[in-house]
Amino acid sequence: MLGIRDAEHEETAPDAPTLFISKLVCSLVGKIQTIKIVPGSHAYQAYGRKEVTEQFFCNYGLNPAFRNKIGKEQLKITGVDLDGEVRIVELSDHRFYVATLFLPQIFSRPGSPHPLIIAYLKAALVFQTSRRDSGIKM
Amino acid sequence: MNQLLQVGVIGDYDPNLRFHIATNEALLNAAEALSVSVDTSWIPTESLASGLIGKTVKQFDALWCAPGSPYKSMDGALRAIQFAREQGWPFIGT
Numbered sequence: 001m002l003g004i005r006d007a008e009h010e011e012t013a014p015d016a017p018t019l020f021i022s023k024l025v026c027s028l029v030g031k032i033q034t035i036k037i038v039p040g041s042h043a044y045q046a047y048g049r050k051e052v053t054e055q056f057f058c059n060y061g062l063n064p065a066f067r068n069k070i071g072k073e074q075l076k077i078t079g080v081d082l083d084g085e086v087r088i089v090e091l092s093d094h095r096f097y098v099a100t101l102f103l104p105q106i107f108s109r110p111g112s113p114h115p116l117i118i119a120y121l122k123a124a125l126v127f128q129t130s131r132r133d134s135g136i137k138m
Numbered sequence: 139m140n141q142l143l144q145v146g147v148i149g150d151y152d153p154n155l156r157f158h159i160a161t162n163e164a165l166l167n168a169a170e171a172l173s174v175s176v177d178t179s180w181i182p183t184e185s186l187a188s189g190l191i192g193k194t195v196k197q198f199d200a201l202w203c204a205p206g207s208p209y210k211s212m213d214g215a216l217r218a219i220q221f222a223r224e225q226g227w228p229f230i231g232t
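For the protein sequence lines, the chains are W and G, in the order given. If you read the first sequence in the numbering used here, its first letter stands for residue 1, the second for the next number, and so on. If you read the second sequence in the numbering used here, its first letter stands for residue 139, the second for the next number, and so on.
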């Protein structure tokens, strides 16, 4: 997708010419950040808020050199930190396709589930029902 | 009976990894809130690295790409992510 056929990850292919995913300038392991959510996105529908707080456990992220490649096609940036760094992307023409750099599951507790995961399972319920109704074999 | 959701988690499950356990638990927490049941299956990335993966992943109602890189097979993980993208399966990557 995005026409980048040789996209690589710095962790597994550090010498590759096209490092789409590169080491972060500073590690996000254990960090908690405020994230601004783009209205109209799946993430916004899930959270119902323009700002959320999430926790990260990663050392890698989108290489800033590719930042301007994202957003023009169906892949949209829908969450950024206060410095504008990409934290959530999603596909605009998909029933639910959301990728986060943080780990929403970490903040989930019994009786206090995470809104993104609720939205994800709701999409799964609708999808299951539509597949059943259209008779597509499992 | 509650509606049962089958979720396939793309990743190499390690019971010692806090994030993997949290993934399973977060699905249970969300399912409970929605009054549905969830059955979570981990799909080892090496099992997705070759052959047709449709049979393996089509049985699921949603796919989740788990944290914990590097994967044993990056290709396997990417093929499942591509399937979700192109075939319209609900997907979250965290």
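Simulated from the structure, these hints should not be mistaken for laboratory data. Since this is a predicted model, take the numbers as computed values, not measurements. Just so you know, not all the hints are guaranteed correct.
As the list claims (entries may be wrong) - Across the chosen pairs, the derived CB separations fall in these ranges:
id : chain 1 : residue 1 : chain 2 : residue 2 : range
1  : W       : 16        : G       : 210       : 33 to 43 Å
2  : W       : 83        : G       : 226       : 26 to 36 Å
3  : W       : 34        : G       : 189       : 38 to 48 Å
4  : W       : 55        : G       : 166       : 28 to 38 Å
5  : W       : 48        : G       : 213       : 17 to 27 Å
6  : W       : 84        : G       : 193       : 11 to 21 Å
7  : W       : 23        : G       : 184       : 19 to 29 Å
8  : G       : 224       : W       : 40        : 18 to 28 Å
9  : W       : 134       : G       : 140       : 32 to 42 Å
10 : W       : 48        : G       : 193       : 13 to 23 Å
As the list claims (entries may be wrong) - Covered stretches of chain W, as calculated for chain G (at least 3 residues, CB under 8 Å):
id : region
11 : 34-43
12 : 60-66
13 : 113-127
Stated by the list, open to error - List time: in silico DSBU-like cross-link candidates among lysine-lysine, alpha-carbon distance up to 35 Å:
id : chain 1 : residue 1 : chain 2 : residue 2
14 : G       : 196       : W       : 76
15 : W       : 122       : G       : 210
16 : G       : 210       : W       : 72
17 : G       : 210       : W       : 76
18 : G       : 210       : W       : 23
19 : G       : 210       : W       : 31
20 : G       : 210       : W       : 36
21 : W       : 36        : G       : 193
22 : W       : 31        : G       : 193
23 : W       : 36        : G       : 196
24 : W       : 50        : G       : 193
25 : W       : 122       : G       : 193
26 : W       : 69        : W       : 50
27 : G       : 196       : W       : 122
28 : W       : 69        : G       : 196
29 : G       : 193       : W       : 69
Idealized CB from N, CA, C, for every residue including glycine.
> So which hints don't hold here, by number, going up?
Replying inline: 1, 4, 5, 6, 9, 10, 11, 12, 21, 22 and 24
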